[in-house]
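Colleague: Sequence:
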Amino acid sequence: MNRRAPTEQVRLEFAVLSDQDADVAADDGVAWKVLERILHHMRKDRNSDRAEINGGNGCVLPIPATFVLNRNGVVTWRFVNLEYRQRAEPDDVIAAL
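Residue 68 in UniProt numbering sits at position 68 of the sequence shown; the count goes up by one each step and never skips.
Zero decoy hints are in this set.
Derived DEER-like restraints, expressed as beta-carbon distance ranges: (1) Arg43 - Asp92: 35 to 43 Å; (2) Glu89 - Asp28: 18 to 26 Å; (3) Pro90 - Asp45: 30 to 38 Å; (4) Pro90 - Arg11: 13 to 21 Å.
Bear in mind the hints are in silico, worked out from the structure with no lab data behind them.
For each residue, glycine too, the CB sits at the ideal point set by N, CA and C.
Model the full assembly from the supplied sequences, consistent with the hints where possible.
Modeller: Structure (structure tokens):
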């Protein structure tokens with residue numbers, strides 16, 4: 001299995017940013033804190049440790065969001081949806097580039 005980052009698998013002419021600890025997501029209002037009682041249920045009843053799965057930041061989950069920034073770092077397009085199964089359409093993202 002190839003575990004290289006997606007940006008290492010293909011050559012891109014632009015930066016792809018990641019927010020592993022959800023710090024930027026929290027600052028920008030596109031993250032939510034999981035209640036302790038839910039985390040407890042997940043650990044006890046589902047044997048699922050969010051901190052382990054999320055690399056240490058188990059109590060914060062991102063809201064699906066896609067942002068396109070211009071060369072000056074200004075957001076020129078965004079897609080944010082609380083319904084995690086709905087994501088930005090690739091054609092819409094490409095059109096925004």
